[in-house]
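Asks: Here are the chains, one letter per residue:
Number of protein chains: 2
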Amino acid sequence: MNNKLVNVAVVGATGAVGEQMLEILEERSFPVNTLKLLSSKRSAGKTLTFKGEEYVVEEATEDSFEGIDIALFSAGGSVSKRFADAAVKSGAVVIDNTSAFRMDENVPLVVPEVNVDDVSKHNGIISNPNCSTIQMVAALEPLREAFGLNRVIVSTYQAVSGAGVEAVDEMNEQSKDVLEGRDFEAKVLPVSSDEKYYQIAFNAVPQIDKFEDNGYTFEELKMINETKKILHDDQLPVAATCVRLPVATGHSESVYIEVDKDGVTVNELREQLEKAPGITVTDDPSNQVYPMATDAAGQDDIFVGRMRKDLDNEKGFHLWVVADNLRKGAALNSIQIAESLLKKELI
Amino acid sequence: MNNKLVNVAVVGATGAVGEQMLEILEERSFPVNTLKLLSSKRSAGKTLTFKGEEYVVEEATEDSFEGIDIALFSAGGSVSKRFADAAVKSGAVVIDNTSAFRMDENVPLVVPEVNVDDVSKHNGIISNPNCSTIQMVAALEPLREAFGLNRVIVSTYQAVSGAGVEAVDEMNEQSKDVLEGRDFEAKVLPVSSDEKYYQIAFNAVPQIDKFEDNGYTFEELKMINETKKILHDDQLPVAATCVRLPVATGHSESVYIEVDKDGVTVNELREQLEKAPGITVTDDPSNQVYPMATDAAGQDDIFVGRMRKDLDNEKGFHLWVVADNLRKGAALNSIQIAESLLKKELI
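So the protein sequences, as listed, match chains A and B.
Per the numbering used here, the first sequence starts with residue 330, numbered consecutively.
Per the numbering used here, the second sequence starts with residue 330, numbered consecutively.
In isolation and in its complexed conformation, chain A is listed as follows (with noise of 0.2 Å):
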């Protein structure tokens, strides 16, 4: 890595993953020159602490972003579509945590441990993925760079501070009501800007984003179609159902793949994986030792576990990959797309 200093912007840095980034720039001792907090017009004035000093949150305007080398989005598309040109013009590369651009061609959509030399293709922007894509094409790739792969068809069981620090509260009071027997509105879940409310605590909820024509959600395309553009594969098939659970960080998936090499072993998968970067593989059975969410909370590493062959398949096999959503599957992953940045000599 090269001796620079960087000046870094964080746009919504009082949201859950802005706090993580805070969190994670300090453990990893990223070389921050100056840091300028930024949000909107609501939180602006808020306090936050960064290496034991305080900083005050700032309104975010086109004028921003002057001297910042790497400013990080994450405070929703609508935030990032307005001011990330503004950012860019201003000499910053953009790590946006949003959909908003990942799937632009001229936009490079990065998992540092999957695709990383697709950093120096950017033109401004690099987008970070989708949480719960992340967590799975970093898993797969060592299985396709060994293996192959002909088919992905995964189920999500996805924490609620993928849907922000209101639906952490609502998720707690809403479960305090049901256990104590009191009458509550849900006004958060599963989607705040869709039309209807469902209960979250003690429930499964099919939904996550809104819902496009061809019955499938926003979450769920979002999965299919990063998921191909990491790999470089646009021919995968991929397939995806998302749900969102009463766990407050740490999304689990249900992995079914199809290798394309003959007679690939379980234990062949362990390797791989066990020599994969940021993958902890945790999976003895016969201990009762498989990943959960709980586990993964606060954790930078993937954990995958519950590893299988397919019982009719002889390409099949069945993984179950759990990671900490704010960390690896945002903030974390935000933070090492900056730091190869600086690796590449390319800020």
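Read the hints as simulated data drawn from the structure, not as lab findings.
Values in this document were obtained by computation on a predicted structure and should not be read as measured data.
Keep in mind that a hint or two might mislead.
The list makes no distinction among identical chains, and a pair is therefore deemed to hold if it is satisfied within one copy or across any two copies.
Heads up, simulated EDC-like pairs for lysine to aspartate or glutamate below, C-alpha to C-alpha not over 20 Å straight-line [as the list claims (entries may be wrong)]: (1) Lys375 x Glu388; (2) Lys644 x Glu474; (3) Lys375 x Asp542; (4) Lys590 x Asp639; (5) Lys644 x Glu587; (6) Lys638 x Glu541; (7) Lys365 x Glu387; (8) Lys557 x Asp639; (9) Lys539 x Asp639.
Here the structure of chain A is known, so what remains is to put chain B in place on it, guided by the hints.
Replies: Below, chain B without anything else, positioned relative to chain A:
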């Protein structure tokens, strides 16, 4: 149905499923002549109400079944193994809601909407399938009949009541502990008879029942093998990943199928399911209408939604199947089997 009045015994009357059985016998005006409530020694002496009358629960012994026509067992596999023969020798037909005899080739495994004619082949015992199997095969059979079925891959989202009243209590107490920041010790879930216990509150645990040597849980193998048996298709490829959630009642399932016929549309799937017995189609994504555990709890039907065509496989479809695991998944299905015996004049 004939006009016979039936002498009924319920073994495991004080359990979660036993209580549902009494409710459903009453709701459906099952022609009960005498009712005998049986349990372990521990629960004997308790009082339960049926049609406004109180019944004292007796300890089950080999002599408990004299004069009984139908014995509904739901007290665990070991109890069924211990007393089913005695019940059959006394002249009763045993309808067993445990895994004890399900894969025995002399024992029919019956979901009345799917394979009711199999009840005629009984030799004293009829098995009630596993809860997660019942709701899936009932949704699949109308599609198999119309379009053929070549592949099933299911990931489950299962409620804790499937593990008994103690599991529901543990989930509720643990949820309070987590919400109020208290320490707690898991003692029941994921599997009370296994070695290790894990947090279920605000978590997703990929273990239901114990692990077999091949890395699958027994619950997963139940879904796989029972589905083949009920659908009379040993060659049908079926894969399952079974996951326990912090939901009290209502199992949800993300089901991927491949049909045999070319050119099938989602509308044709819908038509088949809309006219199928015991199924309610709950599927209008543009209005955020889909099945959820909280809506299915307390209902008899199996709810199917999120129906959509796979984006890569022309014969592939995705479904979200939800049902009350204690009712259709256990008590109701057992009593429907009893009703079919009456209707066919087999008792």
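Asks: Give the relationship of Lys375 and Glu388 under a CA distance limit of 20 Å: within one copy only, between copies only, both, or neither.
Replies: within (10 Å within a copy, 66 Å between copies)
Asks: Is it within, between, both or neither when you check Lys539 against Asp639 at 20 Å Cα-Cα?
Replies: between (33 Å within a copy, 18 Å between copies)
Asks: For the identical chains here, do Lys590 and Asp639 meet the 20 Å Cα criterion within one copy, between copies, both, or neither?
Replies: So Lys590 and Asp639 pass the 20 Å test inside one copy only (15 Å; across, 24 Å).
Asks: How would you classify Lys365 and Glu387 at a CA-CA limit of 20 Å: within, between, both, or neither?
Replies: within (8 Å within a copy, 73 Å between copies)
Asks: Using 20 Å as the alpha-carbon threshold, which applies to Lys644 and Glu587: within, between, both, or neither?
Replies: Both: 5 Å inside a chain and 17 Å across chains, each within 20 Å.
Asks: Please work out whether the CA atoms of Lys375 and Asp542 approach to 20 Å or closer within one copy, between two copies, in both situations, or in neither?
Replies: neither (40 Å within a copy, 55 Å between copies)
Asks: Can you tell me if Lys557 and Asp639 fall within 20 Å by alpha carbon in one copy, between copies, both or neither?
Replies: between (23 Å within a copy, 15 Å between copies)
Asks: Between Lys638 and Glu541, at a C-alpha cutoff of 20 Å, which is it: within one copy, between copies, both, or neither?
Replies: Answer is between; shortest inter-copy Cα gap is 13 Å, intra-copy 34 Å.
Asks: First find the shortest C-alpha distance between Lys644 and Glu474 inside one copy, then the shortest across copies, and answer within, between, both or neither for a cut-off of 20 Å.
Replies: For Lys644 and Glu474, only the intra-copy Cα distance (15 Å) is at most 20 Å; the inter-copy one is 28 Å.
Of the numbered hints given earlier, the model fails hint 3 alone.
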